[in-house]
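Enquirer: Heads up, the sequence shown is in my numbering, so the first residue is 23 and it goes up one at a time.
These are calculated hints, taken from the structure and not from any lab test.
Glycine included, every Cβ here is placed at the ideal spot set by N, Cα and C.
Please note: incorrect hints may appear among the correct ones.
Now the in silico label distances, taken between C-beta atoms and shown as ranges [to be verified]:
id : residue 1 : residue 2 : range
1  : Lys276    : Thr44     : 21 to 27 Å
2  : Thr279    : Leu46     : 48 to 54 Å
3  : Asn377    : Gly448    : 37 to 43 Å
4  : Thr419    : Ile534    : 42 to 48 Å
5  : Asp522    : Asn313    : 51 to 57 Å
Cut-off 27 Å, straight-line C-alpha distance, at most; resulting in silico cross-link-like pairs (BS3-like, lysine-lysine) [to be verified]:
id : residue 1 : residue 2
6  : Lys364    : Lys375
7  : Lys443    : Lys481
8  : Lys268    : Lys107
9  : Lys408    : Lys292
10 : Lys256    : Lys340
11 : Lys444    : Lys406
12 : Lys243    : Lys282
13 : Lys367    : Lys406
14 : Lys251    : Lys261
15 : Lys330    : Lys120
16 : Lys141    : Lys256
17 : Lys127    : Lys33
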Amino acid sequence: MTNLLLNNTSKSVLGSIKSLLTDLKLKRVVFYSGYTNLSGIKLFEEEMHQAIGRGVDLTFNLGLSYESTTPETLKYLAKSNIKTKLILQSDKGIFHTKFFLFVTKDIAKIIVGSNNLTKPGLMSNIETSILNECTIQKATELEEHINSQLHELTKVSNKFILSLSSENLDQILSTYGNLFQTYTIDNSAIIKSNKLDYFQLDNGNPETNSKEIDEPRPDTKFFENWYEKLEEFKVYYKKFDSPIVKRTYSSLNKWVTLNKKFYMVDTLPKEYVEILQSNNFFFGDGHEYLNHQKWLVRYNEYIDFIQKEGTSYLQRIKDKNDPMHSLSNWVAQQRSLRNRNKLSKLRIELLDKVNFPWLTEQFGDYGNRLDDDGWFEWFIKLEKYKSEFGHANPSQTDDNKEIARLGHWVSDQRHLHNNGKKNASGTIRWLSDDRVALLEDIGVEWDYKNKSEQRRFLKKVEKFISFRKLYPNLDPPPGEFIKERNWRSQVKYHFHKLPDWKKSILLGEKII
Numbered sequence: 023m024t025n026l027l028l029n030n031t032s033k034s035v036l037g038s039i040k041s042l043l044t045d046l047k048l049k050r051v052v053f054y055s056g057y058t059n060l061s062g063i064k065l066f067e068e069e070m071h072q073a074i075g076r077g078v079d080l081t082f083n084l085g086l087s088y089e090s091t092t093p094e095t096l097k098y099l100a101k102s103n104i105k106t107k108l109i110l111q112s113d114k115g116i117f118h119t120k121f122f123l124f125v126t127k128d129i130a131k132i133i134v135g136s137n138n139l140t141k142p143g144l145m146s147n148i149e150t151s152i153l154n155e156c157t158i159q160k161a162t163e164l165e166e167h168i169n170s171q172l173h174e175l176t177k178v179s180n181k182f183i184l185s186l187s188s189e190n191l192d193q194i195l196s197t198y199g200n201l202f203q204t205y206t207i208d209n210s211a212i213i214k215s216n217k218l219d220y221f222q223l224d225n226g227n228p229e230t231n232s233k234e235i236d237e238p239r240p241d242t243k244f245f246e247n248w249y250e251k252l253e254e255f256k257v258y259y260k261k262f263d264s265p266i267v268k269r270t271y272s273s274l275n276k277w278v279t280l281n282k283k284f285y286m287v288d289t290l291p292k293e294y295v296e297i298l299q300s301n302n303f304f305f306g307d308g309h310e311y312l313n314h315q316k317w318l319v320r321y322n323e324y325i326d327f328i329q330k331e332g333t334s335y336l337q338r339i340k341d342k343n344d345p346m347h348s349l350s351n352w353v354a355q356q357r358s359l360r361n362r363n364k365l366s367k368l369r370i371e372l373l374d375k376v377n378f379p380w381l382t383e384q385f386g387d388y389g390n391r392l393d394d395d396g397w398f399e400w401f402i403k404l405e406k407y408k409s410e411f412g413h414a415n416p417s418q419t420d421d422n423k424e425i426a427r428l429g430h431w432v433s434d435q436r437h438l439h440n441n442g443k444k445n446a447s448g449t450i451r452w453l454s455d456d457r458v459a460l461l462e463d464i465g466v467e468w469d470y471k472n473k474s475e476q477r478r479f480l481k482k483v484e485k486f487i488s489f490r491k492l493y494p495n496l497d498p499p500p501g502e503f504i505k506e507r508n509w510r511s512q513v514k515y516h517f518h519k520l521p522d523w524k525k526s527i528l529l530g531e532k533i534i
């Protein structure tokens, strides 16, 4: 009889272990587990000790390396005098078995599947195992088959299988502390870079790091829950379709950061690097990854355009309602970035594959050229600015240097529009009509200084009118609306010096 066992259901591995341990006919129990944590054993600790108290012969066969059984587990088992054999990591691989045997006088029951003896493995992870009932003879054959595989290790070295006891615990823990260097470090075999086929970015390069510094190395604590975190990473990747873990997932984000840190200085073991690579882990800069993902979206849109139109040339489109408006901005930006040596080699190669037109037709001199990519790169920045701040008039004195630079550029466009600019030949060039239309369309004000003053003045007028509605006789309680009353006194006193447009508003609103 075979039963499917799933975590957090009425038929689970943990529930089955507890139930089988309480069987009064139970004679022998053998756990073969590649990864074991004390938190996992604690889940069935009471039933286990009760079984041992009834005379049940119980043995653990546990994998021993940094990613598997923890030192706390060894201390607990040695202190409890529970028979335990340790299978060390070898050149042939790690001990990865999950096989739990329960033998009574008449029959045997076997649990085999994906569940490790860890708390996540027995409770929270998505795991699948089966519980099978068989004859004692068949169970013995299966157990002998596993032991024969372990016996192959002893032919390589009899040090690969150890018996744990309270007498040799300290010695084993001492050896355990050196396992990382003894069994897993192989700097010559560490993969120096990984370029995912679907992504093709520089995925980190340990060779660029100096060996003169004191390199950080993983410690025991880092490896205790490494595989549990890997499972979390798999779930995260499946959910978000991205290897870049958000900071809100603080624990997983820290784990990802540490793996990158150790990888970049050649202290993350080869097998861990390979496991991470096979699970879409990205060792490079996360911001670069996200930016390139966005870039690839536009790149694929550009390919669709080429296939549809039969040409790779896409001229800048000023109509914001045109579906190609945004893509034409992107095309102009790529050309500008390359001209200023700011476009990566990878992106140039990808664009070259589709015959990207790096040179375009020229339309007169600067300022009158529709497809001047440098100008349009600034225009794109201004569009983004407006999208974020709600207006297209950035300050030249903003604390953010990029915004201040954008403010200077907008000021230059106003000067070209309002005053023109005389060139060496004495002729004056003006901002082209196309560019005037584009800038006006997103709200650039050519007389911004005066209009800014108008907005400030009108705001004060509105505040005064609101005050007057509350107190028509202009007699508020003492200490209230001081600014509004002072403002009215000032404009009355300086009325004869005010420009006509201010006088007109003050008289029209009956403020004066």
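Enquirer: Next, verify each hint and record whether it holds.
Expert: Here is how each hint holds up against the structure:
Range check, lysine 276 to threonine 44: Cβ separation about 40 Å, and the 21 to 27 Å hint is violated. A beta carbon spacing of about 51 Å between threonine 279 and leucine 46 agrees with the range 48 to 54 Å that was offered as a hint. The hinted range of 37 to 43 Å is satisfied by asparagine 377 and glycine 448, whose Cβ atoms lie roughly 42 Å apart. For the pair threonine 419 and isoleucine 534, the beta carbons lie near 34 Å from each other, so the given range of 42 to 48 Å is not met.
Aspartate 522 and asparagine 313 have their C-beta atoms about 53 Å apart, which keeps the hinted 51 to 57 Å range intact. With a C-alpha separation of about 19 Å, the suggested pairing of lysine 364 with lysine 375 holds against the 27 Å cut-off. Under the criterion of a C-alpha separation no larger than 27 Å, the hint pairing lysine 443 with lysine 481 is inconsistent with the structure, at around 35 Å. For the given pair, lysine 268 sits about 41 Å from lysine 107 by alpha-carbon distance, which is inconsistent with the 27 Å threshold.
Between lysine 408 and lysine 292 the alpha-carbon distance is near 49 Å, which puts this suggested pair outside the 27 Å criterion. A threshold of 27 Å between alpha carbons decides the hint, and for lysine 256 with lysine 340 the separation of about 44 Å lies outside it, so the pair is violated. Between lysine 444 and lysine 406 the CA atoms are separated by roughly 31 Å; this puts the pair beyond 27 Å, and the hint is violated. For the hint pairing lysine 243 with lysine 282, the CA-to-CA distance comes to about 16 Å; that is within 27 Å, so the pair holds.
With a C-alpha separation of about 26 Å, the suggested pair lysine 367 and lysine 406 falls inside the 27 Å cut-off, and the hint holds. Simply put, lysine 251 and lysine 261 have alpha-carbon atoms about 15 Å apart, close enough for the 27 Å limit, and the pair holds. Pair hint lysine 330 plus lysine 120 does not hold up; C-alpha atoms about 55 Å apart against a cutoff of 27 Å. Restraint check for lysine 141 and lysine 256: satisfied, since their Cα atoms lie roughly 18 Å apart, inside the 27 Å limit.
The hinted pair formed by lysine 127 and lysine 33 meets the criterion: a straight-line CA distance of about 24 Å does not exceed 27 Å.
In the structure shown, a violation is registered for the earlier hints numbered 1, 4, 7, 8, 9, 10, 11 and 15, in ascending order.
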